[in-house]
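Listed here are the chains, written in short residue letters.
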Amino acid sequence: MTRRQVMKLGWDYGVLLLVLAGMVAVFSFRSENFFQQSTFVSIANQIPDLTFIAVGMTLVLLVGGIDLSVGSVLALSSAVLGTLMVDHEWSLWSAIPLCLLAGVICGLFNGVVSIGLRIPSFIVTLGMLEMARGATKVVTDSQTRYIGSAVEAIGEPIPVLLLSPAFLFSLVVVGLGQFLLTRTVFGRYCIAIGTNEEAVRMSGIRTEPYSIAVFAISGLMCGFAGLSQASRLSSADPNAAIGIELSAIAACVIGGTSLMGGRANVVSTFIGVLIIAVLQTGLAQLGVSDANKQIITGAVIVVAVLLDACRGRLGSNRV
Amino acid sequence: MNPEALNLLELKDVTKSYGSAKAVDACSLSFRAGEVHALLGANGAGKSTLVRMVAGLTAMSKGAMAFCGEDYAPTGKRDAEAVGIEIVQQELNLIPTLSVAENLFLADLPATAGVIRRGVLRQRARAALDRVGRSGISPEAEVDTLGVGQQQMVEIAAALNRKCRLLILDEPTAALSSAESETLFDRLRGLRSDGVGIIYISHRLDEVAMLADSISVLRDGCCVGTFAAADCSTDRMIELMSGQAVHRHAEHASFVDQRSEVLRVEGLTGGLVKDVSFQLHRGEKLGIAGLVGSGRSELLRLVFGADVATAGGVCLGEGDALQCFRHPSEAVAAGIAMVTENRKENGLLLPASVQTNTTLVSMWQRFASFGMVRSQAEADAARSQCDALNVRCETLQQRIATLSGGNQQKIVLAKWLVHDADIFLLDEPTRGIDVAARQRIYQLVDALAADGKSIVMVSSDLDELLDVCDRIAVMSNGRLVETFKRESWSYEGIMQAAFSGYRRGRAG
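Chains as they are written, first to last, in the working numbering: chain A, 1 to 319; chain B, 1 to 508.
No wet-lab data here; the hints were simulated from the structure. Wrong hints could be hidden among the right ones.
[Said to hold, decoys possible] Listed next, with one range per pair, are the computed distances between beta-carbon atoms:
1) M260/A to N342/B: 37 to 47 Å
2) R263/A to E140/B: 36 to 46 Å
3) T75/B to G243/A: 33 to 43 Å
4) S375/B to V172/A: 49 to 59 Å
5) M260/A to R162/B: 53 to 63 Å
6) L98/A to D387/B: 48 to 58 Å
[Unchecked claim] Selected chain B positions facing chain A (Cβ under 10 Å, derived; list incomplete):
7) F304
8) G305
9) T310
10) P351
11) V373
12) A377
[Claimed, not checked] Here chain A is said to cover these stretches of chain B; the calculated rule only asks that three of the stretch's residues, wherever they fall, bring their Cβ under 8 Å from a Cβ of chain A:
13) 205-215
14) 271-277
15) 431-442
The beta carbon of each residue, even a glycine, is placed where N, CA and C say it ideally should be.
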């Protein structure tokens, strides 16, 4: 790697990694139990749900949209999985495709209605937030489906490695997402659409297929998140993941994603997820009350965004 | 009586320069109270810049102004309003979601402890609207629900409502019906007899002849002179605006292949544009002239499918059926490229790099393998375009926003050169760029024509069209009124045609 590339990496991720390292350091000094392997393993195995969702959200924000329905779609996907496996005794491997399909269909609906009919995605996905949650309750009869050991393998740590397949797969998804964003024509056009959709249109490019695909990808990510959550909880809970959309948006924003579209980075989003997860775990270990936890989490989000804004202002002077 | 005393506003060597270009060059004019003074000039002659300086919207570069005998140097619109100078511009400055009354008194809403006194507001608005003879407009109506003409009248009512000694109107009747215009003229005559000075800018020369007491003509930022309206026929006005043909035309090379027609536009209609037909041949450079707002850009947008035509269509190559593009992607697939009028708004991705902008159009066709970006091919293509067009940039990864206007415009062209189109629609390709970049773009246009490509070029700079083009089609009031060939064109003939659609009897 050239010196220039190293500097660019430092510039892109330096601030975020410093914030993360700083938080780890503070928690390690304040709590005896924090700086231990078990803490990090437990964080790693808890974050796949949020990671999947945040990767999808990053792409949606990139094209200038927003997806508020992710929590409900996650719950619906996991409900489909649970109902098929428990009520219809399907095997895990035959239920997974339908679990993912449920997510994709919801995402496609969001995309087609908001992009095709030109309705703000904020409103369409707000509608989907209600519809998918309702559908979840219909599918499960509002009962938690206890799936049991059949699904646990995905979320259980692999011996020796101590990390779960779900976490490893979420890392792969982060890598693929970053690849999609930076190395493919699809990603290039998504950035372009988020930057100036009219300029893209006037370049003779149809923008709709890209934007719709992005919503479908967000739906697919909800499917993965539903699967990973079901495996971690050994069950499908119709009230799962309420409010996860806000954590996902927070992770994106901490990672420097612009809510106006055109600027996003999947790896930065992942570091944003890590920051949120470390904060939650660390505060819990210190015995901070839920109320104070919320105050601190909110403050960290604002500070992270402030730091990023400062970086952006400095960066605008650079070539 | 001392005639000096009647001079309301005096301009002395007023100059506005942008870099080395002078939009207004040492203009000395005086405007009197109780007279309608028309400002005439072709596109870019400096009329709007001049009145914007008077109204405090643009700062003077040099010169001095005196209002009622006292030095006057406005630093903002407030300074102008304080002495009683009001301007009504072409673009409307109303807030569409507020009511007419609220818009009229936006700066000075009658209120008690922050609560709007609706009754008082309504009364005042009523009075203000009556003053311009528009009792038909309800003060409670949301501005959004009014037609453009009515909105224009609301603006005028707002200007007149304030204590006004000099009223500037920039194309006030562009959106008005003839009945609405008549009401406005009556009102203006009333103001004139009250001693208000009026500066009036319009393309509609018949209106000017009817309404104005004196006429000042601007040409290329310079003041040609002030004339009594009574001595000036509309033909004489056009003559004054055109001036002598002092421009030396560059050597012209033609590459037209008359036998092969590459584009035929038939009866194209939509928005401003009414029933436009023309042909374009292989290797031809067709200019489209006309006044600002005559529908030139809209015509190109219709051809390109950026707006959808309501009637008519285009036909590519002989024997093809008439078709109408519904999306720019269809036009691009058919081999048409378009350089938009405003590169910052919809020509470029400003935060993106030079390289990304250059390759944007043809990512799938030229820079992808299995959906992945071939960055090396991208860099090579961008590099060769930058070299060929003398684009000055440090690296290809440089953000395009940091480039100069001329270099940005070259990249806008480069993105279509990379794509390799057959027909180039260029909308104001040299607007706001320096002379060197301008020359480079003319060379490029010639090189394209020599290569058998066809070009349609819209420009407000008639000299530029006379230099570059093989034929010039003139738009006026939405229609294509006349097409001139190189052998038979003259600056004045083209100006006559450009104004013809705005003359009484021939207006649409």
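Exercise. Which of the stated hints cannot be reconciled with the structure, identified by number in ascending sequence?
Worked result: The structure conflicts with hints 1, 3, 4, 5, 9, 12, 13, 14, 15, although it agrees with all the remaining ones.
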